[in-house]
Amino acid sequence: MKLDPFYLIVDRASWLPRLLPQGVKLVQLRAKDMEEDELRREIAEAKTACERYGAQLVVNDYWRLAIDLGCDFIHLGQEDLVEADLPAIRRAGLRLGVSTHDEAELDTALAVKPDYVALGPVYPTILKAMKWAPQGLDRVRGWKKLVGDLPLVGIGGINLDRARGVLDAGADTISVVTDVLLNEHPEARARAYVELTREFV
1 MKLDPFYLIV DRASWLPRLL PQGVKLVQLR AKDMEEDELR REIAEAKTAC
51 ERYGAQLVVN DYWRLAIDLG CDFIHLGQED LVEADLPAIR RAGLRLGVST
101 HDEAELDTAL AVKPDYVALG PVYPTILKAM KWAPQGLDRV RGWKKLVGDL
151 PLVGIGGINL DRARGVLDAG ADTISVVTDV LLNEHPEARA RAYVELTREF
201 V
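If you count the sequence shown from 1, position 179 lands on 179 in UniProt numbering, and the numbers rise without skipping.
Don't read these hints as lab results, they were simulated from the structure. Every residue, glycine too, gets a C-beta built ideally from N, C-alpha and C. Fair warning: there could be bad hints in the mix.
Said to hold, decoys possible - Have a look at the derived ranges for each label pair, beta carbon to beta carbon:
id: 1; residue 1: Asp68; residue 2: His185; range: 34 to 44 Å
id: 2; residue 1: Lys113; residue 2: His185; range: 35 to 45 Å
id: 3; residue 1: Asp37; residue 2: Glu103; range: 38 to 48 Å
Work out the full structure: start from the sequences and follow the hints.
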């Protein structure tokens, strides 16, 4: 499986009509602190938007809702991986991405045969408090050797100046959150990432 080299993460489906027209083809909905009915609506709205623009939707964490709504990709953190019903996820045909931060977590991820693994934070990030130090480009290179043909996603503190370096180091995909969503011109920023990453498709 090959992922698009630009992987955008949004916290609300309402971003998608603005950002998908910029050429974004891979997006994760990472919605937090919502009641289940509201989450269901968010995921359904995101799925509809992605279908309209020919983009791939990845649902963060909420694998039951992803199955119910007929989504085809789920991303799980390590704690969520322990609690998830992986056979049910596979029976539903969902592809699976897993977060990793150290060698033990990578071993755990590879044991469930994911469709991609994410490594982070590559650089310092303001998205959330992290107990892991920034991994750096050497860790990206090392991780790629360990995962081989499995797609590797670099995440954490990536901006336009750092993006090419992460891809050159071996990441197949760069995942970006705040550098787009907190940008003064998020549509233009998303478009800039799309343009920068096209040579890595």
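Hints violated by the structure (numbers, ascending): none
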